[in-house]
Amino acid sequence: MINTGILNPHLLALLARVRHTNTLVIADRGFPFWPQIETVELSLVDDVPTVLQVLAAIRPNFNIGKAWMAQEFIQANSKATRARFVAALKGAEVAFEPHVEFKKRVPHAIGLIRTGDTTQYGNVILESA
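One point on numbering: in numbering that gives the first Met the number 0, the residue at position 85 of the sequence shown is 84, and numbering is uninterrupted.
Bear in mind the hints are in silico, worked out from the structure with no lab data behind them.
Please note that the accuracy of each hint is not assured.
Computed cross-link-like contacts, SDA-like style, restricted to lysine to any residue with a CA-CA straight-line distance of at most 25 Å [claimed, not checked]:
#: 1; residue 1: K102; residue 2: E40
#: 2; residue 1: K102; residue 2: V85
#: 3; residue 1: K103; residue 2: F32
#: 4; residue 1: K65; residue 2: A12
All chains should be built: construct the whole structure from the sequences, respecting the hints.
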């Protein structure tokens, strides 16, 4: 029995399949469903869990080389919110692109983790290092 770390078996199985240069999406509650990729549904209620909470949980065992976010995130969120995301992605190269372009990357991901996050454009695509 697992006593520490990520306890969700579906999430553990998804993470175990991510290899070098594969991508993984961590998305907010309003992110569209993508039938062609595996989705792990973690949303419970508004902001439980958040994208940043999921990121913090997977980060100890997930080497991030690069991350993508929507440019719209910058305009839609406060300086404090932006700073929390920057801190959570510390050490990774972060690229901002139009949300339309961001969504074109999603079908190529190994999987998508959907959270209860309500942060506008608070979605992240992570590339494993």
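Contradicted hints - numbers only: none
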